[in-house]
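Okay, here's what each chain looks like letter by letter:
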Amino acid sequence: MKYVFVFCALALVAAGTLTKLTEPDARSPVPVVYWATDPNPARIEQIRLFHEWLVKNGYTTPEGKPAIELRLDTVNFDSSKLIVQGVSGVAADIWDRGVPDLENYSLLADITEDARRLGFDTSHTYPALADLLSVDGKQYGFPCNVYVVNFWGNADTFAKYKMKPPPRSWDIETFERIGKEFVGKANPPGKRRTVFFTSAANATLLRVLARSEGLDQFNETLTKCTLDDERFARSLAMGYKWTYEDHILPSAADESSFATQAGYGGTHLSLFQQGNYGMIAIGRYMLIRLRDFASPPRLFLSHLPYVEFENTFVGTRAAGIYAGSSRKKESAWFLAFLASKEYNDNIVADADSLPPDPAATTTEAFRHPPEHPNEWGTHEAAARAAQTIAIVESRSPFIEPSSVGRIVNVRIQEVMTGRATPAQAAKDTAERINEEIQRTLAESPSLRARYEELAALQEKIDQYRREGKKVPLDWIKNPFYRRYYVHKGWAQEN
Amino acid sequence: MSWSRAKKRSLALGLAFLAPNILGFLSFTLFPLVFSLILAFTNWDLRLHNIFRQETLRFAGFENFSRLLTERDFWKYLGNTAFLMMGIPFGIAGSLITAILLSRDLRGGSRRIWVYLVAVVLLVLGTGALLLAGAGATGMTILIAGLVGLILMGGTLGGSTVYRTLFYLPHFTAGVATFILWKKLYNPHTGPINNALRPLLQSFGSVIQATPPGVLRGIAWACLVGMAMLVLTALRRLSRAWRDGEAGRLSVVLGGALLLAPAALATRWAPWSEGGLALAGAAGAMTVLALAAAIVRKREFRCRHDEGLGFALMFCGVLMIAQFALLGLSRVAAALPAMAANPDGMTPPEWITSYYWAKPAIMIMGFWGAIGSNNMLLYLAGLSNVPQDLYEAASIDGASPMQRFWNVTWPQLAPVTFFIVVMSVIGGLQGGFEMARTMTQGGPAGATTTLSYFVYTQGFETGRLGYASGIAWTLFLLVFLVTLFNWKFGNKYVND
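Sequence lines, in order, name chains C and B.
Mapping of the first sequence onto this note's numbering: residues 1 to 494, in sequence order.
Mapping of the second sequence onto this note's numbering: residues 1 to 496, in sequence order.
Quick caveat, the hints were computed from the structure, so don't treat them as lab data.
Heads up, some of the hints might be wrong.
If you want the ones that stay clear, here's a sample from chain B, every Cβ over 12 Å from chain C, calculated [stated by the list, open to error]:
#1 13
#2 172
#3 222
#4 341
#5 384
#6 395
#7 464
Per the computed footprint, the stretches of chain B lying under chain C, defined by three or more beta-carbons under 8 Å from a beta-carbon of chain C, are [to be verified]:
#8 83-94
#9 184-198
#10 342-354
#11 435-445
#12 449-461
Simulated pairs of lysine-lysine, DSBU-like, Cα-Cα distance not exceeding 30 Å [as the list claims (entries may be wrong)]:
#13 C:427 to B:184
#14 C:81 to B:183
#15 C:241 to B:8
#16 B:76 to C:81
#17 C:224 to B:184
#18 C:81 to C:160
#19 C:241 to B:184
#20 C:224 to C:160
Bear in mind that the values here come from a model prediction, so they are computed numbers and not experimental data.
Note that CB positions come from ideal geometry on N, CA and C, so glycine has one too.
Just chain C, same shape as in the assembly (with noise of 0.2 Å):
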């Protein structure tokens, strides 16, 4: 027996010997840094124009070689694995997940002066995302590519049944109309229906109706919910209606029947593709996966409706450094070439939402790619409403993004499976999201202090408009009333 027990022990070392040597480090005679991202093909092409671009800007090995080798880790791209994994001291060296969530967890180095001395600091990209790569005036990260959430059409489908694209801009009420037309015409009496306006109501466009009356998810500084509110008690009774009464978004269980699997950009893709969605609410990153198909629709682009102020959301896959790495150097690299017209250019062609740099947004090659003539017209209206009316979720620094979203994905879904009344889960949503805050001020006292500042600043804010006196703008820490106050004539520019 105690030879076999030898034996076994040898077995393990020689086994640890040979994972120790086939490591990918290794076998690699540059260092190796590790990207944390999505399973997208693109990235195997963005890696060879990075290893390009570090030959041409001079990161050589004295043999001429890329001076570091960019592998992909697309199996921990998971928020949480992100999470255990850097807290642990072990994680890639490049993520492209929330900067400002991760920021939470101080997870991220600071690029600020890499970004200055590169060449990739904010003033190189979208000015709307600036509270998505910084945070307290430190810049945390650089986007890989900008999405801006937007209606996208299938023009084919809207032919079938003989109707015009809807228009770019529209008010709710249109919205409406177009949508009952629609699905009248599409979905023939007494059978089920197959075919909707659009995917289902969920919190983004919920959201997104409400801001366009004036009222976001946080006060102007960030310390507290205000969804208690009668506006977003609207904006869920509207959803509520259109899915359940106008039929124009299908249920939860009309989507569950559909049988198409999920791929790159979600099953709503291919049932947008089939024409079973008249429009879905996406970024310009559905393309690469539309292109894939056979023959992709003629696309269309409209806006989000809205009451009085147009509104959408903008976010950002945003690349940031871990505060673990120890290639921090070489990482800040590969976010310099994130800012560089290479990889500008190859967003713009492959079709990876909108590139970082506005600037590539003006070329002839992204308003009309040549090989894809059903895309032109939708390319340039994506860019422009990044810069105009896309503004960014509002971020409190005092709760967890993630618990904002399942509080009003749950109060979304009582509301539409008939166990709370909008105006109840409007109350629900904000008491426990206060609720939340609170938590998070008992458990840090270091977040107290700037609680306190903020509500204070608050209360001023709340006395200005009540005297009608207009708002200095740097009081304003929220992103969405930043733009509502200019927008209203109530604020103080400075």
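Place chain B on chain C using the hints.
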């Protein structure tokens, strides 16, 4: 004591052999366990306490536990967990029935093979009829019919081994794969379950419309009366147990509380017009009066307060579940006319996308998994150990098959049943995570979020590891107490 060199060498060798296992256990089981217990008493939050941010870690005492008890979601998720656990008795019964069927010789004998062949021919003809009736699109139905035919044929040739393997299949199939399969089966519009139910419900809807409303109301009331009868039966049994000194005061009171629970909850689910509140009031008053009468009545035999607690809770718990089933039936019967009057006719449930059907849908799936699980194997093993002499003696005494089951098989299987109940209850309290994560994300509106899923969301979505550990240890405490209870009060009946 002096150790000889050979003995020391032998000890070292033995320890060396054990070391990998012991080290593995210490590193990957004991250490995390103890560490999580410590975490449960701290304010450890990944946002504040990690290798990049070291805010002061505070000893929180029982703060995490007290917060948990005041958290409204905790009670909802505990309720969800308990609701899903109500499927356990059905699962156990299913696995027992399956085991009894599979313990017989199912190989095709001269006569039996003809029965199977006739069944297969009927199946083929039925499938043909479906096709002729224009059901060609429902390929899944035909596929299922074909599979049933194949299974019958396989069973004819291979006997119970084929069936045992097939029934055990769910257990060794990866959980996520089966959950995805069930998600497809539950598809509201295109799933085979609803495809099969739809025509049935359409016909049923016509029958309901033609039925006088009084009949349906009568059925609804009959179910409620059935509930009351169950309560009465249980009270009589409890009362007898009290009188004979088989049940103490605590056992009677707790058993009564269980019996009362459905009627009390009926007040929440049924409006005045449907008599829910009246029924609840009547049942409640009946229970309270009966309990009071039982407690003050002179007893023939005295016993401890907790005497017969296991029996009382088990007996009343099963009847409570039966009452819930009757209550559900009553509600359905009362709602049938409105459902049938729907312009679209009677429609099948939306299963996992409906708040009200999501939990029953998961229970049905759990039942399917339970009947072919390890429980079935345990019962099969238990059945093979029942002495045949007992059956022979029972037969000689003229016992019917049912009497043989109740008086021979069931008592002989008591130790196995006890073990299965204990393990199922533990599994039930800890379960639900994979299903919620894969099928529903805990929704709709939190309907399928169980305690284990709650631990995950708190630990990995909000980063509150201290709090998540607190929930996990509360769950452990719950499991421990229930198991302790099972051992203390259930084991006695097994040994009796």
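- Ascending list of hint numbers which this structure does not respect: 1, 7, 8, 13, 15, 17, 18 and 20
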